[in-house]
Amino acid sequence: MQSNNDTMTTNNTTSQQQPSPPIIKPPFTEESAKLKVQLAENLWNTKNPEKIAMAYTANCEWRNRGQFIKGREEIIKFLTEKYNKELDYKLKKELFSFYKNRISVHFQYEWHDREGQWYRSYGNENWDFDEESGLMRKRDASINDVKINENDRIVL
Numbered sequence: 001m002q003s004n005n006d007t008m009t010t011n012n013t014t015s016q017q018q019p020s021p022p023i024i025k026p027p028f029t030e031e032s033a034k035l036k037v038q039l040a041e042n043l044w045n046t047k048n049p050e051k052i053a054m055a056y057t058a059n060c061e062w063r064n065r066g067q068f069i070k071g072r073e074e075i076i077k078f079l080t081e082k083y084n085k086e087l088d089y090k091l092k093k094e095l096f097s098f099y100k101n102r103i104s105v106h107f108q109y110e111w112h113d114r115e116g117q118w119y120r121s122y123g124n125e126n127w128d129f130d131e132e133s134g135l136m137r138k139r140d141a142s143i144n145d146v147k148i149n150e151n152d153r154i155v156l
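Residue numbers (my numbering): 1 to 156.
The set of hints was computed from the structure by calculation and includes no laboratory data. Nothing here was measured: the structure is a model prediction, and the numbers come from that model. Please note that a few of the clues may not be correct.
In silico lysine-lysine, DSS-like type, Cα no more than 25 Å apart, as pairs [stated by the list, open to error]:
| hint | residue 1 | residue 2 |
| --- | --- | --- |
| 1 | 100 | 34 |
| 2 | 147 | 51 |
| 3 | 92 | 47 |
| 4 | 92 | 34 |
| 5 | 85 | 34 |
| 6 | 147 | 100 |
| 7 | 90 | 77 |
| 8 | 51 | 77 |
| 9 | 34 | 51 |
| 10 | 47 | 100 |
| 11 | 90 | 47 |
| 12 | 47 | 138 |
My request is simple: use the sequences and hints to build the entire structure.
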């Protein structure tokens, strides 16, 4: 798939003939920014830290709540711990704004702890992308958790 400004292309197929997700490079259009957000949502909902980490540059910098993370190895470690704590995790992202190589999103996700307490986590992220690779090089996330009852879930 290619856009008029040559910022969106499709990877080759894998050995199992499954198409790879498109590589979307800045500068973003509304269409490409929305697609980038949807692809990120889909990727995070796989709960596969190794696969998720490949969407970020090798030296990507994150701020996640009060934690500072740098590089794919730390991303994998962080996400492994996250998914071991946040059980039955389900995420929904929504484009807030975009400009050139930056995207901002609102998100919410639901999960429960080992004791069965459910939470809805609300947040905002600011993303900065490498223009050449289309990979995210900086992620800044602010997140708040609210206890909910299981029957109050909305992210299904």
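Outcome of the hint check:
{"no.": "1", "hint": "100 <-> 34", "verdict": "holds (14 Å)"}
{"no.": "2", "hint": "147 <-> 51", "verdict": "violated (29 Å)"}
{"no.": "3", "hint": "92 <-> 47", "verdict": "holds (13 Å)"}
{"no.": "4", "hint": "92 <-> 34", "verdict": "holds (13 Å)"}
{"no.": "5", "hint": "85 <-> 34", "verdict": "violated (29 Å)"}
{"no.": "6", "hint": "147 <-> 100", "verdict": "violated (37 Å)"}
{"no.": "7", "hint": "90 <-> 77", "verdict": "holds (19 Å)"}
{"no.": "8", "hint": "51 <-> 77", "verdict": "holds (13 Å)"}
{"no.": "9", "hint": "34 <-> 51", "verdict": "holds (21 Å)"}
{"no.": "10", "hint": "47 <-> 100", "verdict": "violated (29 Å)"}
{"no.": "11", "hint": "90 <-> 47", "verdict": "holds (9 Å)"}
{"no.": "12", "hint": "47 <-> 138", "verdict": "holds (20 Å)"}
The structure shown violates the earlier hints numbered 2, 5, 6 and 10.
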